[in-house]
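Protein chains in written order, with numbering that gives the first Met the number 0: chain A, 0 to 297; chain B, 0 to 290.
Honestly, the hints are just simulated from the structure, not real lab data. Any given hint could be a false lead.
To be verified - List time: in silico DSBU-like cross-link candidates among lysine-lysine, alpha-carbon distance up to 30 Å:
1) 49(B) <-> 83(A)
2) 151(A) <-> 118(B)
3) 151(A) <-> 59(B)
4) 6(B) <-> 37(A)
5) 83(A) <-> 274(B)
6) 118(B) <-> 153(A)
7) 6(B) <-> 75(B)
8) 153(A) <-> 274(B)
9) 6(B) <-> 151(A)
10) 37(A) <-> 118(B)
11) 174(B) <-> 153(A)
12) 153(A) <-> 59(B)
13) 151(A) <-> 83(A)
14) 6(B) <-> 267(A)
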Amino acid sequence: MTELLLAPFQYDYMLRAMLVSGFIGAVCALLSCFVTLKGWSLMGDALSHAVVPGVSIAFLLHLPFAVGAFASGMLAALTMNFIKSRTRLREDAVIGLVFTTFLALGVLLISLYPSNISLTTIILGNVLGIADEDILQIVIIAAVTLAVLLLKWKDLLLFTFDPHQARAVGLNTDLLGLLLLTLLAATAVAALQAVGAILVIAMLVTPGATAYLLTDRFGRMMAISSGIGLLTSIVGAWASFFLNTSTGGCIVLLQTILFLLVFFFAPKYGFVPIRRQTRRSTKSIPVTRARVPESHPH
Amino acid sequence: MAEINLKVDDVTVAYSNGHVALHDASFELNRPTICALVGVNGSGKSTLFKAIMGFVQPIKGRVTISGESVHQAHRKNWVAYVPQAEDVDWSFPVSVWDVVLMGRYGYMNFLRIPRQEDKRIARECLERVGMWEFRDRQIGELSGGQKKRVFLARALAQQGRFLLLDEPFTGVDVKTEEAIIELLMELREEGLIVFVSSHDLGSIPRFCDQCVIINRTVLATGPIETTFTERNLTIAFGGALRNVRFDHTDEPGSRNEYRVLTDDEGALVFDHEGKPALPVKRQIAESDHHD
Numbered sequence: 000m001t002e003l004l005l006a007p008f009q010y011d012y013m014l015r016a017m018l019v020s021g022f023i024g025a026v027c028a029l030l031s032c033f034v035t036l037k038g039w040s041l042m043g044d045a046l047s048h049a050v051v052p053g054v055s056i057a058f059l060l061h062l063p064f065a066v067g068a069f070a071s072g073m074l075a076a077l078t079m080n081f082i083k084s085r086t087r088l089r090e091d092a093v094i095g096l097v098f099t100t101f102l103a104l105g106v107l108l109i110s111l112y113p114s115n116i117s118l119t120t121i122i123l124g125n126v127l128g129i130a131d132e133d134i135l136q137i138v139i140i141a142a143v144t145l146a147v148l149l150l151k152w153k154d155l156l157l158f159t160f161d162p163h164q165a166r167a168v169g170l171n172t173d174l175l176g177l178l179l180l181t182l183l184a185a186t187a188v189a190a191l192q193a194v195g196a197i198l199v200i201a202m203l204v205t206p207g208a209t210a211y212l213l214t215d216r217f218g219r220m221m222a223i224s225s226g227i228g229l230l231t232s233i234v235g236a237w238a239s240f241f242l243n244t245s246t247g248g249c250i251v252l253l254q255t256i257l258f259l260l261v262f263f264f265a266p267k268y269g270f271v272p273i274r275r276q277t278r279r280s281t282k283s284i285p286v287t288r289a290r291v292p293e294s295h296p297h
Numbered sequence: 000m001a002e003i004n005l006k007v008d009d010v011t012v013a014y015s016n017g018h019v020a021l022h023d024a025s026f027e028l029n030r031p032t033i034c035a036l037v038g039v040n041g042s043g044k045s046t047l048f049k050a051i052m053g054f055v056q057p058i059k060g061r062v063t064i065s066g067e068s069v070h071q072a073h074r075k076n077w078v079a080y081v082p083q084a085e086d087v088d089w090s091f092p093v094s095v096w097d098v099v100l101m102g103r104y105g106y107m108n109f110l111r112i113p114r115q116e117d118k119r120i121a122r123e124c125l126e127r128v129g130m131w132e133f134r135d136r137q138i139g140e141l142s143g144g145q146k147k148r149v150f151l152a153r154a155l156a157q158q159g160r161f162l163l164l165d166e167p168f169t170g171v172d173v174k175t176e177e178a179i180i181e182l183l184m185e186l187r188e189e190g191l192i193v194f195v196s197s198h199d200l201g202s203i204p205r206f207c208d209q210c211v212i213i214n215r216t217v218l219a220t221g222p223i224e225t226t227f228t229e230r231n232l233t234i235a236f237g238g239a240l241r242n243v244r245f246d247h248t249d250e251p252g253s254r255n256e257y258r259v260l261t262d263d264e265g266a267l268v269f270d271h272e273g274k275p276a277l278p279v280k281r282q283i284a285e286s287d288h289h290d
């Protein structure tokens with residue numbers, strides 16, 4: 000039995016897949032704390048789709064895929080910003096408009112110029128068939144993101160919580176916003192290979208959302224979230240070996256299962272404890288009625 | 000300390016969608032003061048605050064703080080800010096202690112690790128507003144008045160020379176309002192410029208000594224006694240204020256006439272000479288709260 004469970008560890012490609020997924024999963028999860036609190040989930044979703052044309056263009060120009068993907072993601076983000084600040088359109092409309100345009104362009108380019116990465120790989124990811132030079136790119140991106148987050152998380156936290164105060168203590172909020180956006184685009188690119196463009200957003204939202212329900216402290220939220228990201232990504236990759244199925248799907252579903260458990264049973268903000276609390280406190284409300292003088296029937 | 004001065008010099012602010020929120024606005028505060036910023040909604044109060052906070056760049060004119068640009072002033076931690084309650088995400092996972100330490104960020108190193116001195120000052124400021132016992136609470140678990148005190152403590156911890164408060168009395172109980180006013184008066188004694196935007200017209204003459212009245216531009220600025228008049232306010236607010244006139248006597252030349260101007264918050268009462276009538280306001284407020 001143990002032998003069977005350890006089977007994936009005998010294969011180099013499985014070992015690599017688990018390590019790469021785990022690393023990316025943890026970094027995405029760390030960033031997800033900022034994404035969920037800043038309200039940038041939709042933005043992350045858009046970025047992860049907008050990187051697709053970049054992959055194709057990078058192949059045509061013989062550039063590393065990560066460079067093209069990142070450039071394309073940032074271009075999309077800046078386009079959204081530009082349109083939003085110059086029209087009366089709501090943000091969600093602008094995001095929807097821009098990222099679908101980028102995605103359409105990507106689909107078109109890939110079908111016109113078939114590259115070494117198939118559309119299915121970009122959309123659904125394939126961490127099992129990942130090439131060595133791609134691993135290197137992913138690891139560099141994830142490591143730089145991790146370093147920036149660990150060094151500057153307090154500044155980013157203040158920027159997320161209260162940009163006015165960030166200004167008042169002399170921080171450059173424009174720069175911090177751009178930094179957060181850059182990290183978001185970079186991790187979206189890195190996670191692309193592991194789980195694919197569609198599921199990237201789950202890695203950038205679910206762990207943070209889960210941790211948010213478990214704690215009232217940002218530091219703890221980051222620790223819990225990255226723990227969830229690391230664990231689910233390794234276990235997800237491992238499980239996909241037995242199920243002979245998509246790694247991305249396994250990872251994201253595992254994260255969802257954890258989220259649901261927390262949603263129902265989190266000690267303070269869970270559905271069940273809150274309902275129990277409400278019931279208990281409504282029972283203990285003393286009923287006081289105005290005294291109405293009794294009318295005596297004659 | 001260099002001379003304390005806030006100068007708004009011919010400032011025009013336009014947003015990128017073309018809306019001109021403020022034009023040709025000029026005024027100057029150059030001594031320790033509590034100055035009220037008064038105007039209807041959409042009159043450019045928050046735009047003026049944004050210009051002082053450096054969130055918007057004026058397309059014309061300039062804001063200087065003791066002679067420095069706003070960015071320089073922020074680098075030196077001169078400007079502390081107390082946000083409007085509705086601008087804060089109260090479910091954010093930070094504690095009271097975390098929030099107050101945010102006032103010290105500008106003094107901390109690259110990693111923002113608080114030194115002993117930062118912790119000592121943060122503690123003193125929390126104690127000063129009476130919130131030290133609440134330091135481990137998540138900020139959403141506080142009452143409206145307690146929330147305001149925490150953000151005041153953060154502003155104090157910054158040890159600036161200028162304090163900007165955006166609607167400090169909204170959602171705050173009378174006791175806290177009194178405590179805040181007392182604190183602001185102490186800060187003026189300590190040499191700060193306190194700049195308050197408020198809808199609570201009734202309380203302004205009680206603690207402010209200057210005011211700036213705006214509606215897309217500066218309509219009037221100066222000492223409360225000469226500037227915060229019925230005439231100026233009526234011009235600034237137009238029909239946006241409820242205006243009730245009381246006169247209980249039929250006597251010609253009655254001295255018992257009062258006029259009440261009210262926005263959505265505290266009412267402002269004028270006597271027969273058109274001056275703010277403070278004692279009456281107090282009586283009204285107190286009798287209100289005994290009910």
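Each hint tested on the structure:
no., hint, in the structure
1, 49(B) <-> 83(A), "19 Å, holds"
2, 151(A) <-> 118(B), "20 Å, holds"
3, 151(A) <-> 59(B), "35 Å, violated"
4, 6(B) <-> 37(A), "34 Å, violated"
5, 83(A) <-> 274(B), "47 Å, violated"
6, 118(B) <-> 153(A), "16 Å, holds"
7, 6(B) <-> 75(B), "17 Å, holds"
8, 153(A) <-> 274(B), "50 Å, violated"
9, 6(B) <-> 151(A), "34 Å, violated"
10, 37(A) <-> 118(B), "27 Å, holds"
11, 174(B) <-> 153(A), "34 Å, violated"
12, 153(A) <-> 59(B), "35 Å, violated"
13, 151(A) <-> 83(A), "28 Å, holds"
14, 6(B) <-> 267(A), "49 Å, violated"
The structure does not agree with the numbered hints 3, 4, 5, 8, 9, 11, 12, 14 stated previously, though it agrees with the rest.
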